[in-house]
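Model the full structure from these sequences, guided by the hints.
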Amino acid sequence: MIEVHDLVKKFGDFCAVDHISFAVPEGKIFGFLGPNGAGKTTTIKMLTTVLQPTSGVLRVDGHDPQREQYKVRRAFGIVFQDPSLDDELTARENMELHGVLYGIPSAERKERIETLLAFVELWDRRNDFVKQYSGGMKRRLEVARALLHKPKILFLDEPTLGLDPQTRNHIWTFIQGLSREQSVTVLFTTHYMEEADRVADEIAVIDHGKIVANGAPAALKEKTQTKTLEEAFISLTGHVIRDEDASSTDRMRMMRNVWRGAGRR
Amino acid sequence: MSAVYILWLRQLKRYFRSRARIIGSLGQPLLFLLALGFGFGPTFAKAGGGNYIQFLAPGIIAMGILFTAVFSGIEIIWDRQFGFLKETLVAPVSRLQIVLGRALGGATVAMIQGAVVFIICLIAGFRFQRAVLLPVALAFMFLIAVLFTAIGTAIGSVLQDMQGFQLIMNFLVMPLFFFSNALFPVQGLPGPLQLIVRMNPLTYGVDGIRGALGNSFAFGLGTDFVVLGILTAVLLAIGSYLFSRIQL
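So the sequences go chain by chain: A and B.
Letter 11 of the first sequence, counting from 1, is numbered 11 in our numbering, and no numbers are missing.
Letter 135 of the second sequence, counting from 1, is numbered 135 in our numbering, and no numbers are missing.
Just so you know, the hints here were simulated from the structure itself, not pulled from any lab data.
Keep in mind that a hint or two might mislead.
Once the Cα atoms are required to be at most 25 Å apart in a straight line, the calculated DSS-like pairs of lysine-lysine come out as [stated by the list, open to error]:
| hint | chain 1 | residue 1 | chain 2 | residue 2 |
| --- | --- | --- | --- | --- |
| 1 | A | Lys131 | B | Lys13 |
| 2 | B | Lys13 | A | Lys110 |
| 3 | A | Lys28 | A | Lys221 |
| 4 | A | Lys152 | A | Lys71 |
| 5 | B | Lys13 | A | Lys138 |
| 6 | A | Lys150 | A | Lys71 |
| 7 | A | Lys223 | A | Lys210 |
| 8 | A | Lys152 | A | Lys138 |
| 9 | A | Lys71 | A | Lys28 |
If you want the ones that stay clear, here's a sample from chain B, every Cβ over 10 Å from chain A, calculated [to be verified]:
| hint | residue |
| --- | --- |
| 10 | Ala115 |
| 11 | Gly188 |
| 12 | Met199 |
| 13 | Asn215 |
| 14 | Val234 |
Listed next, the stretches of chain A that the computed footprint assigns to chain B, with coverage defined by at least 3 CB atoms under 8 Å from CB atoms of chain B [claimed, not checked]:
| hint | segment |
| --- | --- |
| 15 | 73-79 |
| 16 | 99-111 |
Glycine included, C-beta positions come from ideal geometry on N, C-alpha and C.
This is the structure we're talking about:
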């Protein structure tokens, strides 16, 4: 369902993704693990048509993300690493906008929005502005939105970051169900190793742009002679703490508030 | 086309929901209208220019549109930073549809802002001459709304964050306003200033609105329309092109 062959992405001299290859068969849950700045998000950006690879071959649902952008975009749903909702709109309006962008007919759209919002337990709050939502609610809404157009593939970039165990559990149970019952192919990244251990059929560990190990969670533990995936991960990627460039988001948020004025709740 | 419509609708909803922004962005035109309008009024009349409010109002309407339109376009930077842009970029619709929806939404919002300033001008004592020409004035308002939203879109597509915000404000928006015929007539300006003012697209918008509302075009209805029409098309094309090149 997802195929990556010899993928390279360079930003100037820096090689963010360095000749990686992997494949995810239909209906499988694939965990893409690595320290900060390892190249996970960059790879997802290339698979989801928003970043041009330097070289390599990509196939998403059999299509090339560079040349057949629309076919690829129709085939996947995505939950980005950071929020991508319009928080000045209500949950329902966010869903509605997504449905229209993906060309879902009006009657079906209405029905699916209700089903999905009910499924992530947000139907009662459908008319609330997203800015009033908690982090967990926003995440659930994003998962619901990503599924609205019935994608065959789901990309989840740290979908459970900063969520409490209840919400994380809720989201993963839901996603495992999708994979089992509707054969949705899932590629996710996370820093919670026990989570990856529990849900992933297969895992690839990426570090400094290269895949250093891949296989089922049990196989990785066996290979590294460790008891938990966390130990296996550290044994594979070392103890060095990685720096990642801080974005200017905080400064932006402040400026936005100044510009919009005090009318925000 | 439904993608264009839903993105247009989004801009409108966001506008009507941020009352602070509506009121806040009316402050500046109001200040200019009242302080300059009544402050320079006697001098302007003495110099033989007639009623200054009559002259100034179209300039202030254009100012309201200019500011709102540029910022509507630049909002791309916020959407990029706060993530919503990604949602539209991975959707199976062309970049052109996205940019059109955004630009038309921004232009509509700017038009509404212009219309509100228009009403304030009427309250302040401005009177238009012939109601028949009102649609012509509205057409010019719409043209500059699209034009400056396109400029904002082009800038917003290139800038990564709001670091350049002050730069845009002080070296683009303010000069566009001050080096135009919004506050003073083109005729009789010193050579270099006259040249700059004549090269400023806002000048043709202000002249169009002023001519339609007061029946005295400095350049003529046809010239204003052709200049603005061509510029709007060109800038919309540039804005769309730069937007289509956005990568995340």
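Now for the hints, and whether the structure bears them out:
1. For the given pair, Lys131 (chain A) sits about 15 Å from Lys13 (chain B) by alpha-carbon distance, which is consistent with the 25 Å threshold.
2. A hinted pair counts as satisfied when its Cα atoms are at most 25 Å apart, and Lys13 (chain B) with Lys110 (chain A) qualifies at roughly 20 Å.
3. A C-alpha spacing of about 20 Å is found between Lys28 (chain A) and Lys221 (chain A), which places the hinted pair at or below 25 Å, so the restraint holds.
4. For the proposed pair Lys152 (chain A) and Lys71 (chain A), the alpha carbon gap of about 12 Å is at most 25 Å, so the pair holds.
5. With a C-alpha separation of about 20 Å, the suggested pair Lys13 (chain B) and Lys138 (chain A) falls inside the 25 Å cut-off, and the hint holds.
6. For a cut-off of 25 Å, the pair hint linking Lys150 (chain A) to Lys71 (chain A) stands: about 13 Å separates their Cα positions.
7. Proposed proximity of Lys223 (chain A) and Lys210 (chain A) is supported: the alpha carbons are some 18 Å apart, at most 25 Å.
8. A hinted pair counts as satisfied when its Cα atoms are at most 25 Å apart, and Lys152 (chain A) with Lys138 (chain A) qualifies at roughly 22 Å.
9. Under the criterion of a C-alpha separation no larger than 25 Å, the hint pairing Lys71 (chain A) with Lys28 (chain A) is consistent with the structure, at around 21 Å.
10. Distance check for Ala115 (chain B) against chain A: the nearest CB is about 21 Å away, which clears 10 Å, and the non-interface claim stands.
11. Chain A leaves Gly188 (chain B) outside its interface by the beta-carbon criterion, the shortest separation being 38 Å against a cut-off of 10 Å.
12. Met199 (chain B), annotated as away from the interface, keeps every beta carbon of chain A farther than 10 Å; the closest lies near 29 Å.
13. No Cβ of chain A approaches the Cβ of Asn215 (chain B) within 10 Å, the least distance being about 38 Å, so the stated non-interface status holds.
14. Every CB of chain A lies more than 10 Å from the CB of Val234 (chain B), the least distance being 27 Å, so the non-interface label holds.
15. Counting residues of the segment 73-79 of chain A whose beta carbon lies closer than 8 Å to any beta carbon of chain B gives 4, which meets the minimum of three for the stated coverage.
16. Only residues whose C-beta sits within less than 8 Å of a C-beta in chain B count toward coverage, and the segment 99-111 of chain A has 4 of them, enough to reach three; the restraint holds.
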